[in-house]
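Undergrad: One line per chain: the protein sequences are A and B, in this order.
Under the numbering used here, think of the first position of the first sequence as 1107, with each following residue one higher.
Under the numbering used here, think of the first position of the second sequence as -8, with each following residue one higher.
If you are wondering where the hints come from, they were derived from the structure by calculation, not from laboratory data.
All values derive from a computational prediction rather than experimental measurement.
Any given hint might turn out to be false.
[Unchecked claim] With a straight-line Cα cutoff of 25 Å, these simulated SDA-like cross-link-like pairs (lysine to any residue) come out:
id : chain 1 : residue 1 : chain 2 : residue 2
1  : A       : K1108     : B       : T40
2  : A       : K1148     : A       : D1172
3  : A       : K1205     : B       : C4
4  : A       : K1148     : B       : S0
5  : B       : K11       : B       : E54
6  : A       : K1162     : A       : Q1107
7  : B       : K46       : A       : I1207
8  : A       : K1148     : B       : V(-6)
[What the hints assert, rightly or not] Okay, the calculated beta carbon distance ranges per label pair:
id : chain 1 : residue 1 : chain 2 : residue 2 : range
9  : B       : P31       : A       : N1161     : 30 to 40 Å
10 : B       : T73       : A       : K1148     : 36 to 46 Å
11 : A       : A1200     : B       : T91       : 28 to 38 Å
12 : A       : N1161     : B       : S6        : 42 to 52 Å
From the three backbone atoms N, C-alpha and C, an ideal C-beta is built for every residue, glycine too.
The lines below spell out each chain.
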Amino acid sequence: QKEVEQDPGPLSVPEGAIVSLNCTYSNSAFQYFMWYRQYSRKGPELLMYTYSSGNKEDGRFTAQVDKSSKYISLFIRDSQPSDSATYLCAMSLAGGYNKLIFGAGTRLAVHP
Amino acid sequence: GAVVSQHPSWVICKSGTSVKIECRSLDFQATTMFWYRQFPKQSLMLMATSNEGSKATYEQGVEKDKFLINHASLTLSTLTVTSAHPEDSSFYICSAEPSTGTNYNEQFFGPGTRLTVL
């Protein structure tokens, strides 16, 4: 079993839709949870990070962490064609340096 | 701020040659840098962690003699793929963790280097 599971998609939605992206994980010691966006042939860019459980909102993006269920989500409201990319979840342990463990990434296509 | 560059952005080489890829943090210092490998439509796989002034720590299954990492300064890490073979063709991405500032290990990623070995 992988430490972090993420459905690779692809996910295709119409412009303006609400998109829900999810990851599950097995290591209950993870404390930091990140979402990265990666355009084709580019490096990932950080969208959101959350420490422990809870919600965090930034513009059209909302990140949720449910540690009791070992489940994290990223919601994109009013999706735009420019949101078309691969979204990677990542997580790490707390305390000092700890490597990021990435999910497989979900490919999202928002069509006009 | 927090820009990481990689050079070259793409490289084609013949089998058996060595290729060096540079990773630079342009506007911050990074004690720790990371090298990842990404195959098409797959996630990032951590290859090694590079700490300035010390030997790199390689992930299980990564050949340290094949993938030489040098982190000579707080803004530069290099990955050298020695005696490259077609199976080494991949997208190599580096990231850098700022030496100061965040409480968690935020990493800023470079744009990646596409290596094709003929």
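Undergrad: Compare the structure with each hint and give your call.
TA: How the hints compare with the structure:
1. Taking the CA atoms of K1108(A) and T40(B), the gap is about 21 Å. The hint holds against a cut of 25 Å.
2. Proximity of K1148(A) to D1172(A) is assessed by CA-CA distance (about 30 Å); at most 25 Å being required, the pair is judged violated.
3. Restraint check: the Cα-Cα separation between K1205(A) and C4(B) comes to about 31 Å, which exceeds 25 Å; the hinted pair is violated.
4. Taken as a hint, the K1148(A) and S0(B) pair is honoured in the structure, with Cα atoms around 10 Å apart against an allowance of 25 Å.
5. Simply put, K11(B) and E54(B) have alpha-carbon atoms about 16 Å apart, close enough for the 25 Å limit, and the pair holds.
6. At roughly 28 Å between alpha-carbon atoms, K1162(A) and Q1107(A) are farther apart than 25 Å, so this suggested pair is violated.
7. Under the criterion of a C-alpha separation no larger than 25 Å, the hint pairing K46(B) with I1207(A) is consistent with the structure, at around 22 Å.
8. Among the hinted pairs, K1148(A) with V(-6)(B) is consistent with the structure: their alpha-carbon atoms are about 13 Å apart, no more than 25 Å.
9. Between P31(B) and N1161(A), the C-beta spacing of about 34 Å keeps the proposed range 30 to 40 Å intact.
10. The hinted range of 36 to 46 Å is not satisfied by T73(B) and K1148(A), whose Cβ atoms lie roughly 27 Å apart.
11. At about 18 Å, the CB distance of A1200(A) to T91(B) disagrees with the hint of 28 to 38 Å.
12. Against the hinted window of 42 to 52 Å, the Cβ-Cβ separation of N1161(A) and S6(B) comes to about 51 Å, which satisfies the hint.
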